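First to last, the protein sequences are chains A and B.
Numbering-wise, the first sequence is residues 1 to 132 according to our numbering.
Numbering-wise, the second sequence is residues 133 to 426 according to our numbering.
FYI, nobody ran anything at the bench for these hints, they're computed from the structure.
Only a predicted model underlies this, so the values are computations on that prediction, with no experimental measurement involved.
Glycine included, every Cβ here is placed at the ideal spot set by N, Cα and C.
Among the clues, some could well be false.
Unchecked claim - To give a feel for the contact side, a few chain A residues facing chain B, derived at Cβ under 10 Å:
1) 11
2) 12
3) 15
4) 54
5) 56
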Amino acid sequence: MVEFRIDRRSGVATYLQIVQQTKQALRLGLLEPGDRLPTAREVVEATAINPNTVLKAYRELEREGLVEARRGLGTFITRTLGGQAADTPLRAELADWVDRARDAGLEQDDITALFTSVLEERTQDDHKGDGA
Amino acid sequence: MTATAIEATGLGLAYGKRGRRALHDCSFRIPAGRVCALAGPNGAGKSTLLALAAGLLRPTEGALRVLGGTPSDARARSAYVAQDKPLYPQLTVRETLRVGRELNPGRWDATAAERIVEEGGGLDPRARIRSLSGGQRTRVALALALGKRPGLMLLDEPMADLDPLARHRLMAALMTEAADHGTTIVISSHILSELETTCDYVLLVDGGRVRLAGETEDLIAAHTLLTGPVADLPGHTVVESRTTGRQLTALVRGSRAIGGGWRTARPSLEELLMAHLRSPDAPPLLTPGAEVAA
Chain A
1 MVEFRIDRRS GVATYLQIVQ QTKQALRLGL LEPGDRLPTA REVVEATAIN
51 PNTVLKAYRE LEREGLVEAR RGLGTFITRT LGGQAADTPL RAELADWVDR
101 ARDAGLEQDD ITALFTSVLE ERTQDDHKGD GA
Chain B
133 MTATAIEATG LGLAYGKRGR RALHDCSFRI PAGRVCALAG PNGAGKSTLL
183 ALAAGLLRPT EGALRVLGGT PSDARARSAY VAQDKPLYPQ LTVRETLRVG
233 RELNPGRWDA TAAERIVEEG GGLDPRARIR SLSGGQRTRV ALALALGKRP
283 GLMLLDEPMA DLDPLARHRL MAALMTEAAD HGTTIVISSH ILSELETTCD
333 YVLLVDGGRV RLAGETEDLI AAHTLLTGPV ADLPGHTVVE SRTTGRQLTA
383 LVRGSRAIGG GWRTARPSLE ELLMAHLRSP DAPPLLTPGA EVAA
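Start from the sequences, fold in the hints, and give me the full structure.
Put into structure tokens, the structure is as follows:
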């Protein structure tokens, strides 16, 4: 079972924090297929956040095919995440890109800022389509 | 459309014949099952609105429906905790809970009420209300409200005199209540940062009028925080803008991307509410779910 930690000052929507922490736990192997996520009530009792937020996060995880809600039983992990990102063509492309950015004179902070801003921009575009 | 907990149509209230209008021309809707933040500065009309919904005041204009009926019809199913937590000072904690049980025959939940009084350094059941601190009285008042197992809770600044730990515990108790029973909770508060994670619905009143109403997520998504070089922002409804040297920071309506070196960010609920409070001329915004059906 995972325990969610809600950072009220992070600027990240609360439901996204739950989604991200679940994925992180999957990547680290802290959650495996068949494991049950805490119920909305359990999360709410521990964190004092709104129960609808927890349900929204679980719906998002279900939409991404990571969990399955079983009526009356709870929400269960259906597949793993991880291993995929470590050694793929994507990683090689990113490494190339970082080399080019350094050749262009960008420092580490510049590169991080650039990467984060593009990532945020793209993620925001995705979420606009959700109507959420 | 989902069931409605509170619906106001042109609601207004003036104290006295030529008195100040505490509320004027308020129309909004709060669907059932929401946890709604009631935000606004001192004197905005928050307490008046809650007292109207509790059936303790009568509107002088417009209409208000609560749980599908008049506020006084709904009183058996709603619980109102006033800002000054009126309790009988000479009764003990135990006697106060007994009053709750006897005034709410058939629906009193003794376990729910006792949990609030007992948890985390429990109150002595034999202690008289008048000997309790402000925060302890608040716990007794909320225990009475939760014991009633209401469909609608109307809480006026309930957390103001609680220490951080007690506040977290009570907020968790309220959220659990909402998770278990789908209780609608309307909670007025000045602690804006706390509202973001607990409230999925927002009603901002200011100067007796509704400025913002709707789902928290939708209201946030309807705004963008922009930072960039000082320039005009054509085509945007600007809620608030500030200039520092060559940099402009603005909260605008809409989520359209704009070019030209602008950084965009999602505002927090606190930033959204603060920007509106600092800009009284910004037009009101109600999401479709918060509009009253014509």
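Checked hints:
no., hint, result
1, 11, "holds, 6 Å"
2, 12, "holds, 9 Å"
3, 15, "holds, 8 Å"
4, 54, "holds, 8 Å"
5, 56, "holds, 8 Å"
Of the numbered hints listed earlier, not one is contradicted by the structure.
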